[in-house]
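> These protein sequences, in sequence, are chains H and Z.
Throughout, this note's numbering is defined as the position within the first sequence, counted from one, plus 1.
Throughout, this note's numbering is defined as the position within the second sequence, counted from one, plus 402.
One or more hints might be untrue.
[To be verified] Mimicking DSS-like on lysine-lysine, the simulated pairs with C-alpha atoms at most 30 angstroms apart in a straight line are:
| # | chain 1 | residue 1 | chain 2 | residue 2 |
| --- | --- | --- | --- | --- |
| 1 | Z | Lys418 | Z | Lys639 |
| 2 | Z | Lys572 | Z | Lys615 |
| 3 | Z | Lys477 | Z | Lys572 |
| 4 | H | Lys543 | Z | Lys578 |
| 5 | H | Lys360 | H | Lys378 |
| 6 | Z | Lys477 | H | Lys624 |
| 7 | H | Lys378 | H | Lys296 |
| 8 | Z | Lys615 | H | Lys543 |
| 9 | H | Lys543 | H | Lys378 |
[Stated by the list, open to error] The following residues of chain Z were derived to be distant from chain H, with all beta-carbon distances above 10 angstroms:
| # | residue |
| --- | --- |
| 10 | Pro416 |
| 11 | Arg462 |
| 12 | Asn524 |
| 13 | Arg606 |
Hint data in this document are derived by calculation from the structure and do not stem from the laboratory.
Predicted model only: the values in this text are computed from it and were never measured.
Idealized CB from N, CA, C, for every residue including glycine.
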Amino acid sequence: MDLRRRTFLKLAGATTAGSLIPGCKENVHQLVPYLLPDDQIVPGVADWYASVCGECPAGCGILVRVMEGRAKKIEGNPSHPINRGKLCARGHASLQRLYNPDRIRGPLRRAGKRGEGRFEPISWDEGIASWRERLQTHRGHALMLSGPLSGTTAQVVKAFMDHIGGPLVIHDPLVDHALISAVDARFGRQVVPDFDLAESDYVLSFGAPLLEHWRSPVAMGIAYGQMRQGRPAVRGRLIQVEPRMSLSAANADRWIPIHPGTEGLLAIGIGQLLLTRQDTSTDVGNSDAYPDLFKAFDLNEIVRRTEVGYDDIERLAVEFSSAQAPVAIAGGPASAHTNGTAALTAVNALNMIRDRVGKPGGVRFFESMNPSIFDQKEAPISERGFLELINEADAGRFPLVHLHHCNPLHTIPPSIPVRRLFERAEFIVSFNSFMDESTDLADLILPDHVSLEAWSDHEHLDEGRVPAVGLAQPVVRPLYDTRAVGDVMMEVGRSIDEGVPEILSHETIRDAIRSNWEALLSQRNRTNEPDWFETAWIERLKEGGWWGPARGVQSPGQDRRSPGYEYESALFDGDAAEFPFYFYPYPSLALGYGEGANLPWLQEMPDPLTTVVWATWAEINPKTAMSRGIRQGDLIRVTSPHGFLDIPAVHFPGIRPDLIAVPIGQGHRTYGRYAANRGVNPLALLGALFDRDSGRLATAATRVRIEATGRTGSLTMIEQREMHAMRDLIGIDRINTWIRGSGKE
Amino acid sequence: MTEPKQSSSSVPGPYKWEMAIDLDRCTGCEACVVACHAENNIRISGEQEAAEGRAINWIRIERYWEGEYPDVTVKFMPVLCQQCGDAPCEPVCPVYASYHTPDGLNAQVYNRCIGVRYCGNNCPYTVRQFNWFDPHWDPPLQEQLNPDVTVRQNGIMEKCTFCVQRIREKKELAEKEGRRVRDGEIAPACVQSCPTSALVFGDRNDPDSQVSKLARQDRGFHLLESLGTHPAITYLKRIT
Numbered sequence: 002m003d004l005r006r007r008t009f010l011k012l013a014g015a016t017t018a019g020s021l022i023p024g025c026k027e028n029v030h031q032l033v034p035y036l037l038p039d040d041q042i043v044p045g046v047a048d049w050y051a052s053v054c055g056e057c058p059a060g061c062g063i064l065v066r067v068m069e070g071r072a073k074k075i076e077g078n079p080s081h082p083i084n085r086g087k088l089c090a091r092g093h094a095s096l097q098r099l100y101n102p103d104r105i106r107g108p109l110r111r112a113g114k115r116g117e118g119r120f121e122p123i124s125w126d127e128g129i130a131s132w133r134e135r136l137q138t139h140r141g142h143a144l145m146l147s148g149p150l151s152g153t154t155a156q157v158v159k160a161f162m163d164h165i166g167g168p169l170v171i172h173d174p175l176v177d178h179a180l181i182s183a184v185d186a187r188f189g190r191q192v193v194p195d196f197d198l199a200e201s202d203y204v205l206s207f208g209a210p211l212l213e214h215w216r217s218p219v220a221m222g223i224a225y226g227q228m229r230q231g232r233p234a235v236r237g238r239l240i241q242v243e244p245r246m247s248l249s250a251a252n253a254d255r256w257i258p259i260h261p262g263t264e265g266l267l268a269i270g271i272g273q274l275l276l277t278r279q280d281t282s283t284d285v286g287n288s289d290a291y292p293d294l295f296k297a298f299d300l301n302e303i304v305r306r307t308e309v310g311y312d313d314i315e316r317l318a319v320e321f322s323s324a325q326a327p328v329a330i331a332g333g334p335a336s337a338h339t340n341g342t343a344a345l346t347a348v349n350a351l352n353m354i355r356d357r358v359g360k361p362g363g364v365r366f367f368e369s370m371n372p373s374i375f376d377q378k379e380a381p382i383s384e385r386g387f388l389e390l391i392n393e394a395d396a397g398r399f400p401l402v403h404l405h406h407c408n409p410l411h412t413i414p415p416s417i418p419v420r421r422l423f424e425r426a427e428f429i430v431s432f433n434s435f436m437d438e439s440t441d442l443a444d445l446i447l448p449d450h451v452s453l454e455a456w457s458d459h460e461h462l463d464e465g466r467v468p469a470v471g472l473a474q475p476v477v478r479p480l481y482d483t484r485a486v487g488d489v490m491m492e493v494g495r496s497i498d499e500g501v502p503e504i505l506s507h508e509t510i511r512d513a514i515r516s517n518w519e520a521l522l523s524q525r526n527r528t529n530e531p532d533w534f535e536t537a538w539i540e541r542l543k544e545g546g547w548w549g550p551a552r553g554v555q556s557p558g559q560d561r562r563s564p565g566y567e568y569e570s571a572l573f574d575g576d577a578a579e580f581p582f583y584f585y586p587y588p589s590l591a592l593g594y595g596e597g598a599n600l601p602w603l604q605e606m607p608d609p610l611t612t613v614v615w616a617t618w619a620e621i622n623p624k625t626a627m628s629r630g631i632r633q634g635d636l637i638r639v640t641s642p643h644g645f646l647d648i649p650a651v652h653f654p655g656i657r658p659d660l661i662a663v664p665i666g667q668g669h670r671t672y673g674r675y676a677a678n679r680g681v682n683p684l685a686l687l688g689a690l691f692d693r694d695s696g697r698l699a700t701a702a703t704r705v706r707i708e709a710t711g712r713t714g715s716l717t718m719i720e721q722r723e724m725h726a727m728r729d730l731i732g733i734d735r736i737n738t739w740i741r742g743s744g745k746e
Numbered sequence: 403m404t405e406p407k408q409s410s411s412s413v414p415g416p417y418k419w420e421m422a423i424d425l426d427r428c429t430g431c432e433a434c435v436v437a438c439h440a441e442n443n444i445r446i447s448g449e450q451e452a453a454e455g456r457a458i459n460w461i462r463i464e465r466y467w468e469g470e471y472p473d474v475t476v477k478f479m480p481v482l483c484q485q486c487g488d489a490p491c492e493p494v495c496p497v498y499a500s501y502h503t504p505d506g507l508n509a510q511v512y513n514r515c516i517g518v519r520y521c522g523n524n525c526p527y528t529v530r531q532f533n534w535f536d537p538h539w540d541p542p543l544q545e546q547l548n549p550d551v552t553v554r555q556n557g558i559m560e561k562c563t564f565c566v567q568r569i570r571e572k573k574e575l576a577e578k579e580g581r582r583v584r585d586g587e588i589a590p591a592c593v594q595s596c597p598t599s600a601l602v603f604g605d606r607n608d609p610d611s612q613v614s615k616l617a618r619q620d621r622g623f624h625l626l627e628s629l630g631t632h633p634a635i636t637y638l639k640r641i642t
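So here's chain H without its partners, still in its complex pose:
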């Protein structure tokens, strides 16, 4: 790397000199060159490195612009099949994770009592020695709590935990376990299938967060643009069914504010009508799909419970049956109930009836890449899985707890007592880069690099038309005294015992990645040259990864569920009389579950629907608010059976009158200067209710009541000021039209 950089700088110097000559010359031709805007002058030449974005598990390909050893700008990698040169707001902001002033700058040891937040710096040798000692004492009794993992890193962490003995628990609050479980029930595959938005002409979405959090929101954005305006003569339509208007619903052609928890019922109603229309419609395919399911409910009852009118249901059925390439898709609030899997199964049945599985514009599975070099993948566990884990911890099974890029004390509600995992532990090691709520309880902190400083790879072998593995290289030298967690695990793993698994026998994570890539590339790029791999490796580094040819669509597996499958109703925590409102905390577009809250660009990014910055707010229907005398910005007390929070109210026209919605993301007690003590974490109000089949936390299943506190909250909205200043552009245009109109009279 260094050598390449040095060579590059020499070349760069020469090109810079060359490029400046015509620039200067041109300026001289202008009469007053020093009065040109000075940002028209291009002083340096940039170096670009291909890598992989680490802000969310989507793993978009990026190109990072580096000048004088500093990362300046991130752009999408045009050749990466997931994001094709595009990038979302969070991807851009990962630069502020790299240069964040609140990073942990070296190994730390707890100085005060646990949780007091006092740490002292130590050397890496001390840190590793202290960790190794604990590993030896608690051999076989360690626990690793990790954020989502991919590629070689996933293998290394798994192999390490197998080696020292103890479970690797992957926690990712954005994983839709209900969707995976519904797909598994029907097709026997534990993957999120590909919903081909781009080629569909009618997308019927039951709460799916397509444009916010659907795997790669960038990939979905590309598909959405294609669906709307990418094809001559076809403009795809999007219908969004959900109790609160999300960003996806805001972009839909029609928003249907359904009664919370009845999404599956509506799908059943539509299915009934589709089946009765079967005689008249030519291409209704699979009428055997769940016949019992569709008979179980009377349409009148469905109308009553969903609060969607008969005409609306009929219109949906007519549209769904007459569209050329319709697709039904569900997620978000539809998965966030105790009947999440049941609801998603019912929605999926619509695709079965219309025979939309394996078709362009429908639901697709792709041929898997077996045998994959990245085996040993550990699936994320559901929130209900944590209850079991806590029981085991209570029995003293986990005296040693590790935290790897996750913050369960912030992302899991206190009604699931994850704190006990920490309390029962004798020793807690964190590899996190920031002092978050969970790391704050650690005894030893061995900080990892941030993604822009680290080697990693990110595989997309089970998903997408084009199989891909992104390759991430460090784009800058590590800023601080941090170490790649893979390197540390290999070093410690080797020193603890002989006979380490092969993946841990490498010197560094880079070597492990190279060895995997040699296996990956030898199947395809091998030539007779002895150094074929070096050449291929450099090529892949420049390209940012490896992508195969587009693969075929695979026919789905067999239905594993018995035909007598029954729908069930959603359960709620809290008495309807005492707690008259439904409550829905949803992941923030910018901050996710809170991991983006320490990045000022994301704090400053206005929420698209409310334009709020730097805060938490509670969305309330304007009529509900007015009837209770709650003005915009008034602090309201939201009380659930599990506690209360005071949150400033935002009058939100796109929400049911019986629902309160609050974005997740803020409410950090610690996590750096930009995040700490800002807003609230609405997860605190949730009860421990789960989707029956998948165990996913039912985040929409808690009821609340609201009271005005008589105080005004701190709520900054970008829009408010503009309305006061009469800067509403449509308003101005209306006034103009009015002035012109009256002038003519």
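Since chain H is already given, all that's left is putting chain Z on it; use the hints.
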């Protein structure tokens, strides 16, 4: 239009930089807003300054609620400097800091600006933003700053430049290679990152450029076009 070897400076206005924004594609995801902050060294305002209306965004997503529950719809509209052909901000500047480039951009010469804010007052699109404070980055956040773009101090008016540093770079490259800038070769930060490709940038003097094709569509309109500002941004209506 131009000979390959001809220098662009000898032909007045060989390029006319324009943008098309397809509102049927725009989802309001704000990727453009953050991309712009990253590219153009836009300062971090913080909550207090944002509350006082001092936050700076060169591009913003306007959101309009229409109707009442349950028949409520939302429209998003990205608004940035319209790079007007007849810009109201230009004639009012007493020191010629607001200036019209031969390529049709409304440039802002920061080192001429004396901060009278007449231009901001006169802009019907409210896209000019004044620096009421010196910018500050908590170290080492300043390491990210783009060396191609000036950091603006207190008392300076700033606005979208269509990423003039990128235009400049590609123009010079094309000139060196004795050709015109290719369509799609220049992408301002917002255009480049837009996932749905709602934003398209290019040379309007080239009738075959993507932006020219889009701007000729029936759905095209200009923002507040009755004011006669002749914006360089064509919006394409959302279909509902």
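> Next step is simple, just say for each hint if it's right about the structure.
Outcome of the hint check:
At roughly 23 angstroms between alpha-carbon atoms, Z:Lys418 and Z:Lys639 fall within 30 angstroms of each other, so this suggested pair holds. Distance restraint check for Z:Lys572 and Z:Lys615: the Cα-Cα separation of roughly 22 angstroms lies within the 30 angstroms cut-off, and the hinted pair is therefore satisfied. Using a Cα cut-off of 30 angstroms, the hinted pair Z:Lys477 and Z:Lys572 is violated, with the two alpha carbons roughly 34 angstroms apart. Proposed proximity of H:Lys543 and Z:Lys578 is supported: the alpha carbons are some 26 angstroms apart, at most 30 angstroms.
At most 30 angstroms may separate the alpha-carbon atoms for a hinted pair to count; H:Lys360 and H:Lys378 meet this at roughly 29 angstroms. Between the alpha carbons of Z:Lys477 and H:Lys624 the distance comes to roughly 21 angstroms, so the proposed pair stays at or under 30 angstroms and holds. The suggested pairing of H:Lys378 with H:Lys296 is violated, with an alpha-carbon distance near 40 angstroms, which exceeds 30 angstroms. A C-alpha spacing of about 34 angstroms is found between Z:Lys615 and H:Lys543, which places the hinted pair above 30 angstroms, so the restraint is violated.
At most 30 angstroms may separate the alpha-carbon atoms for a hinted pair to count; H:Lys543 and H:Lys378 meet this at roughly 27 angstroms. Consistency note on Z:Pro416: stated as away from chain H, and its beta-carbon is indeed over 10 angstroms from all of that chain's, at 13 angstroms minimum. A beta-carbon of chain H comes within 10 angstroms of the beta-carbon of Z:Arg462; the shortest separation is about 7 angstroms. Non-interface call for Z:Asn524 relative to chain H: holds, since the shortest CB-CB distance, roughly 13 angstroms, exceeds 10 angstroms.
Every CB of chain H is more than 10 angstroms from the CB of Z:Arg606 (nearest about 20 angstroms), matching its label as outside the interface.
The structure fails to meet hints 3, 7, 8, 11 from the earlier list, while all remaining hints are met.
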